[in-house]
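Student: Protein chains in written order, with full-length UniProt numbering: chain A, 1 to 123; chain B, 1 to 137.
If you're looking for bench data, these hints aren't it; they were derived computationally from the structure. Among the clues, some could well be false.
[Claimed, not checked] Pairs of lysine-lysine residues, derived as PhoX-like cross-links and limited to a Cα-Cα distance of at most 25 Å, are as follows:
| # | chain 1 | residue 1 | chain 2 | residue 2 |
| --- | --- | --- | --- | --- |
| 1 | A | Lys-9 | A | Lys-113 |
| 2 | A | Lys-9 | B | Lys-60 |
| 3 | A | Lys-5 | A | Lys-119 |
| 4 | A | Lys-92 | B | Lys-126 |
| 5 | A | Lys-5 | A | Lys-113 |
| 6 | A | Lys-9 | A | Lys-92 |
| 7 | B | Lys-60 | B | Lys-126 |
| 8 | A | Lys-92 | B | Lys-60 |
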Amino acid sequence: MDIFKGIDKVLPHLNFAWKRHKVILSNIANADTPNYRAKDVVMEEESVGKLKITREKHISPKSGEVFRVIEIQRRLVGNDFNNVSLEEEMAKLTQNRIAYEAYMRMIRGSVDKLNNIIKEGRQ
Amino acid sequence: MNDLFRAFSISASGMYAQRVRMNVIASNLANYESYRANGEPFRKLEVVFQALEDPKNLSKGEVPVRVVEIRESNEPFRLVYDPTNPRANQEGYVQKPNVELVKEMVDMITAVRSYEANLNAFSATKEIAQRTLELWR
Numbered sequence: 001m002d003i004f005k006g007i008d009k010v011l012p013h014l015n016f017a018w019k020r021h022k023v024i025l026s027n028i029a030n031a032d033t034p035n036y037r038a039k040d041v042v043m044e045e046e047s048v049g050k051l052k053i054t055r056e057k058h059i060s061p062k063s064g065e066v067f068r069v070i071e072i073q074r075r076l077v078g079n080d081f082n083n084v085s086l087e088e089e090m091a092k093l094t095q096n097r098i099a100y101e102a103y104m105r106m107i108r109g110s111v112d113k114l115n116n117i118i119k120e121g122r123q
Numbered sequence: 001m002n003d004l005f006r007a008f009s010i011s012a013s014g015m016y017a018q019r020v021r022m023n024v025i026a027s028n029l030a031n032y033e034s035y036r037a038n039g040e041p042f043r044k045l046e047v048v049f050q051a052l053e054d055p056k057n058l059s060k061g062e063v064p065v066r067v068v069e070i071r072e073s074n075e076p077f078r079l080v081y082d083p084t085n086p087r088a089n090q091e092g093y094v095q096k097p098n099v100e101l102v103k104e105m106v107d108m109i110t111a112v113r114s115y116e117a118n119l120n121a122f123s124a125t126k127e128i129a130q131r132t133l134e135l136w137r
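Let the hints inform the model, and build the full structure from the sequences given.
Tutor: What follows is the structure, given as structure tokens:
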């Protein structure tokens, strides 16, 4: 529906932030695991914008398919072949959390708008 | 919703692993001078961490950590010259447990810091969850 457009636009970004949060959690949990490689998520740009459903029989892409978990290529940090940098993960965690909050505010704004519409219609 | 709880359990797995490590360090320090019932010196214990990277979890971005085993170290025992000790061998050396104080202290600091990092991540997840719940109001 058209009035939910604002929410629909933010939703992929919100999913991305949530998934990235989980990946950061995993990196922090495995900060002392030998042979563990730090991971990150990337959003595949082309699949976000271009794929459109123009006919009824088109299969809609699953929400999980637009993100990809990648391993970070970096020089080894410790001598246990683990390349997690805890400082960087903490920085990413904070940054990602603020991004999530911003998206949530945007959705909140849309919801408030809808609430207003409903309220005014009642009078 | 299940997704949310699994995110909490990732951080929890990290905290649990570090706590097991703390227990092992405490045991090592406590047994710095002790011997077993069969007369052999105490062997240092080591924890082995493993990332649970099965492809199903990996595509979701969830990689918890697990303690796979706690094993005895094969490092050589400390030798201390003490001819009057009843455990001394012919040359007067006594075998002591292979626990090294400095290593254990360093390990302990790392474990505490990692635990804190996981705890911070845990509370970040909590905040995100609260933000999401605020939509309900």
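Student: Assess, step by step, whether the Cα of Lys-92(A) is no farther than 25 Å from the Cα of Lys-126(B), and give holds or violated.
Tutor: 16 Å, holds
Student: With the threshold set at 25 Å, check whether the alpha-carbon distance from Lys-60(B) to Lys-126(B) stays at or below it.
Tutor: Holds: Lys-60(B) and Lys-126(B) sit about 19 Å apart, inside 25 Å.
Student: Tell me if the straight-line CA distance from Lys-5(A) to Lys-119(A) falls inside 25 Å.
Tutor: Satisfied, since the Cα-Cα distance of roughly 20 Å is no more than 25 Å.
Student: With a cut-off of 25 Å on the C-alpha distance, tell me whether Lys-9(A) and Lys-113(A) pass.
Tutor: Holds: Lys-9(A) and Lys-113(A) sit about 15 Å apart, inside 25 Å.
Student: Hinted pair, alpha-carbon criterion (25 Å max): Lys-9(A), Lys-60(B). Please report holds or violated.
Tutor: 22 Å, holds
Student: For Lys-5(A) and Lys-113(A), compute the direct alpha-carbon distance and say whether it is at most 25 Å.
Tutor: Holds, because 12 Å separates the two Cα atoms, which is no more than 25 Å.
Student: Are the Cα atoms of Lys-9(A) and Lys-92(A) separated by 25 Å or less?
Tutor: 23 Å, holds
Student: Straight-line Cα separation of Lys-92(A) and Lys-60(B) no greater than 25 Å?
Tutor: 18 Å, holds
The structure shown violates none of the earlier numbered hints.
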